[in-house]
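Chemist: Going down the list, the protein sequences come from chains B and V. Following our numbering, the numbering of the first sequence begins with 1 at its first residue and continues without gaps. Following our numbering, the numbering of the second sequence begins with 1 at its first residue and continues without gaps.
One or more hints might be untrue.
[As the list claims (entries may be wrong)] Anything over 12 Å on all C-beta distances counts as not near chain B; from chain V, calculated:
(1) Q2
(2) Q6
(3) V13
(4) F65
(5) K102
[Unchecked claim] Partial selection, computed: residues in chain B whose CB lies under 10 Å from chain V:
(6) Q37
(7) P39
(8) L43
If you're looking for bench data, these hints aren't it; they were derived computationally from the structure. Even for Gly, the Cβ is constructed at its ideal location relative to N, Cα and C.
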Amino acid sequence: NAGVTQTPKFQVLKTGQSMTLQCAQDMNHEYMSWYRQDPGMGLRLIHYSVGAGITDQGEVPNGYNVSRSTTEDFPLRLLSAAPSQTSVYFCASSRGGDTGNTIYFGEGSWLTVV
Amino acid sequence: DQQVKQNSPSLSVQEGRISILNCDYTNSMFDYFLWYKKYPAEGPTFLISISSIKDKNEDGRFTVFLNKSAKHLSLHIVPSQPGDSAVYFCAASPRGYSSASKIIFGSGTRLSIRP
């Protein structure tokens with residue numbers, strides 16, 4: 001009963017390095033999203049996808065890229081990490097369609113950029 | 001400018017009493033409201049939701065109230081239990097297709113239930 005799986009759980013990066021946070025869901029959900037959680041800021045939407053091949057920007061997209069080549073996977077890429085990207089990242093998925101669909105979160109990925 | 005605001009970063013309630021968590025929103029296009037609960041080192045989990053066509057939704061010990069004219073919602077937990085100690089996020093989404101991918105969250109309220 002995996003649900004939404006994120007890897008890695010913890011990562012330390014040096015400024016300027018690149019990395020990819022992986023996200024996979026096994027619920028055949030149409031929608032997937034990436035959020036970051038910072039103290040006092042709650043959860044802020046980075047990028048989202050309403051289906052394979054379709055992605056769009058959220059509230060805080062700068063510095064991040066995404067792609068959705070399959071229904072199951074939605075990786076988040078940091079091309080050149082900055083200390084401001086130190087955060088906890090959550091991937092989420094939902095069934096899709098009209099208003100009212102619950103979103104399901106992964107357990108989070110803790111990223112530190114030094 | 002935050003569209004969903006939780007002005008109380010923390011709340012402490014005695015076990016057995018009622019916990020009331022508040023949330024305000026600014027966007028009149030929001031059509032659906034949700035509460036999520038988060039324990040440390042875990043992802044947020046869905047707790048309860050309410051559509052804008054209703055003013056109350058109840059699920060066991062949890063009740064959400066919506067006041068559209070005031071753009072305010074609240075979560076009532078009664079009676080409060082030790083396992084309710086967590087961070088609670090209020091969230092809102094606009095009307096229409098793909099709205100589930102555009103949910104906006106508040107900054108969270110840390111609820112502590114004391115014995």
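Chemist: Indicate, hint by hint, whether the structure satisfies it.
Modeler: Hint check:
{"no.": "1", "hint": "Q2", "in the structure": "violated, 8 Å"}
{"no.": "2", "hint": "Q6", "in the structure": "violated, 8 Å"}
{"no.": "3", "hint": "V13", "in the structure": "holds, 21 Å"}
{"no.": "4", "hint": "F65", "in the structure": "holds, 18 Å"}
{"no.": "5", "hint": "K102", "in the structure": "violated, 7 Å"}
{"no.": "6", "hint": "Q37", "in the structure": "holds, 8 Å"}
{"no.": "7", "hint": "P39", "in the structure": "holds, 9 Å"}
{"no.": "8", "hint": "L43", "in the structure": "holds, 4 Å"}
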